[in-house]
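Colleague: What follows is the residue order along each chain.
There are 4 protein chains.
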Amino acid sequence: MTPNETRFRVRYAETDQMGVVYYSNYLVWMEIGRVEWCKQQGCSYREMEGEDGILLAVAECQCRYLAPARFDDEIVVKTWVEQANPRLVTFAYDLQLAASNRKLASGFTRHLILDREFRRTRLPKKYFPMFGLGS
Amino acid sequence: MTPNETRFRVRYAETDQMGVVYYSNYLVWMEIGRVEWCKQQGCSYREMEGEDGILLAVAECQCRYLAPARFDDEIVVKTWVEQANPRLVTFAYDLQLAASNRKLASGFTRHLILDREFRRTRLPKKYFPMFGLGS
Amino acid sequence: MTPNETRFRVRYAETDQMGVVYYSNYLVWMEIGRVEWCKQQGCSYREMEGEDGILLAVAECQCRYLAPARFDDEIVVKTWVEQANPRLVTFAYDLQLAASNRKLASGFTRHLILDREFRRTRLPKKYFPMFGLGS
Amino acid sequence: MTPNETRFRVRYAETDQMGVVYYSNYLVWMEIGRVEWCKQQGCSYREMEGEDGILLAVAECQCRYLAPARFDDEIVVKTWVEQANPRLVTFAYDLQLAASNRKLASGFTRHLILDREFRRTRLPKKYFPMFGLGS
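These protein sequences, in sequence, are chains C, Y, L and D.
Numbering-wise (our numbering), the first sequence opens with residue 72 and increments by one.
Numbering-wise (our numbering), the second sequence opens with residue 72 and increments by one.
Numbering-wise (our numbering), the third sequence opens with residue 72 and increments by one.
Numbering-wise (our numbering), the fourth sequence opens with residue 72 and increments by one.
Hints listed in this document are in silico derivations from the structure and should not be mistaken for laboratory results.
Just so we're clear, the structure is a prediction, and the values are computed from it rather than from any experiment.
Treat the hints with care, since some could be wrong.
Copies of one chain are not kept apart here, so a pair can be met inside one copy or by any two copies together.
Using 25 Å as the maximum straight-line C-alpha spacing, the simulated SDA-like pairs for lysine to any residue come out as follows [claimed, not checked]:
{"no.": "1", "residue 1": "Lys174", "residue 2": "Tyr198"}
{"no.": "2", "residue 1": "Lys196", "residue 2": "Thr161"}
{"no.": "3", "residue 1": "Lys196", "residue 2": "Glu145"}
{"no.": "4", "residue 1": "Lys174", "residue 2": "Thr192"}
{"no.": "5", "residue 1": "Lys149", "residue 2": "Phe79"}
{"no.": "6", "residue 1": "Lys174", "residue 2": "Leu185"}
{"no.": "7", "residue 1": "Lys197", "residue 2": "Arg173"}
{"no.": "8", "residue 1": "Lys197", "residue 2": "Glu122"}
{"no.": "9", "residue 1": "Lys174", "residue 2": "Thr161"}
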């Protein structure tokens with residue numbers, strides 16, 4: 072699977088007094104990446120949650136910061152699934168400056184599949200193909 | 072009713088590249104103020120929402136910014152109810168620096184009383200006293 | 072001047088436990104609108120601040136909320152200058168759902184022109200045309 | 072060194088439509104923890120940055136999420152320095168519910184010592200003791 076690529080510009084609100092993007096915002100950007108990755112697979116994360124009651128709850132995240140992002144920079148988030156089984160999915164991300172392809176950060180998020188009551192469950196079979204899982 | 076006073080320190084995350092607090096965070100601080108105001112009245116906003124299914128949905132907000140707040144400043148939010156009827160509640164706020172009492176901002180938020188399906192409803196009678204409403 | 076129109080999707084991070092967008096995020100969206108408005112006028116807000124040392128500090132904001140926005144909704148922000156003189160600029164905004172044109176909110180932000188030391192100053196003449204100011 | 076303990080309540084703004092705290096906010100809470108840790112050592116992070124021009128830029132973060140936090144929960148952040156040398160400092164964190172001591176999350180942030188121009192530098196000697204560094 073080719074990674075999904077999503078683009079957006081850094082918001083003023085995302086900067087801090089160091090003059091660069093505050094570090095927790097990269098996690099918000101990773102979320103944008105995985106939502107768009109789902110769409111690219113023909114699936115809406117909104118529907119997965121709203122209709123099938125399947126939550127991808129974050130169990131772990133990690134991010135390495137290589138270079139700062141600044142206000143109004145265009146950012147590219149590359150998102151792919153690094154590992155998946157019916158109970159656990161790991162997304163990986165590369166974040167770059169669109170203008171120079173300079174790598175800004177990389178990281179991953181690991182997600183438990185939960186039902187609406189926050190109990191661990193299995194991914195419904197209809198989502199297996201998008202995560203590269205055999206039946 | 073005397074205003075509720077709540078104190079907290081400015082977070083690094085709340086600053087922007089201008090070196091001061093980003094303007095939308097004052098609305099988050101007003102929310103802290105009204106949650107604490109409710110507690111002072113012996114009522115939990117969490118219960119109001121969770122158990123009685125009553126939402127105070129923001130219909131309007133306004134804020135005037137008089138002086139900037141900076142990282143690690145201690146902020147005092149004074150919160151009071153400016154106007155209330157069983158369908159609409161208006162909270163007002165003054166924000167100050169704790170160290171000098173310097174006024175940073177003032178504003179209000181106007182709230183519709185909604186049920187869980189986001190339909191307009193009346194405030195349950197048990198909440199009348201805290202909002203100064205006669206039965 | 073025709074309003075600038077900017078589009079983006081609601082982030083999961085922008086929702087709250089009511090299931091809709093938290094109210095302070097509309098102010099972040101207004102900021103996106105005015106940054107894009109500046110670009111449409113052939114001017115970069117980043118340069119205005121970085122090179123000319125001109126800050127548009129928010130002195131007042133107001134927002135009326137008409138309908139809730141939800142995760143993954145496409146939002147359109149229409150931005151225009153409502154009033155301007157060399158010391159004070161007022162931007163106005165309409166926020167809509169892209170899918171239905173349903174109006175979600177409207178509001179304004181009023182900005183003082185400040186220099187890097189946060190002293191009130193006049194807008195440099197080169198910015199007069201974009202704000203519709205005569206020389 | 073005993074860990075610093077800091078307490079605060081979950082803000083409504085920090086929840087998302089899953090009804091629990093959005094995952095990037097734990098990184099903001101870690102920042103609160105390390106700012107308070109610095110104060111406990113008799114040092115102000117604000118002064119370190121403002122007067123000595125020393126920035127603790129985040130180079131890496133990691134967080135494991137064990138249980139969800141909810142609106143108005145009182146949170147305890149325990150913060151300590153896990154490793155330090157004059158060029159690199161690692162803070163570690165445990166986050167708990169104050170009411171039950173239930174562990175919510177744990178993680179670390181690794182920081183490069185930078186000067187105002189974002190160049191790597193050495194921690195000034197006056198900060199050695201607080202990080203447990205010999206002269």
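Colleague: Which of the numbered hints above does this structure break?
Modeller: 1, 3, 7
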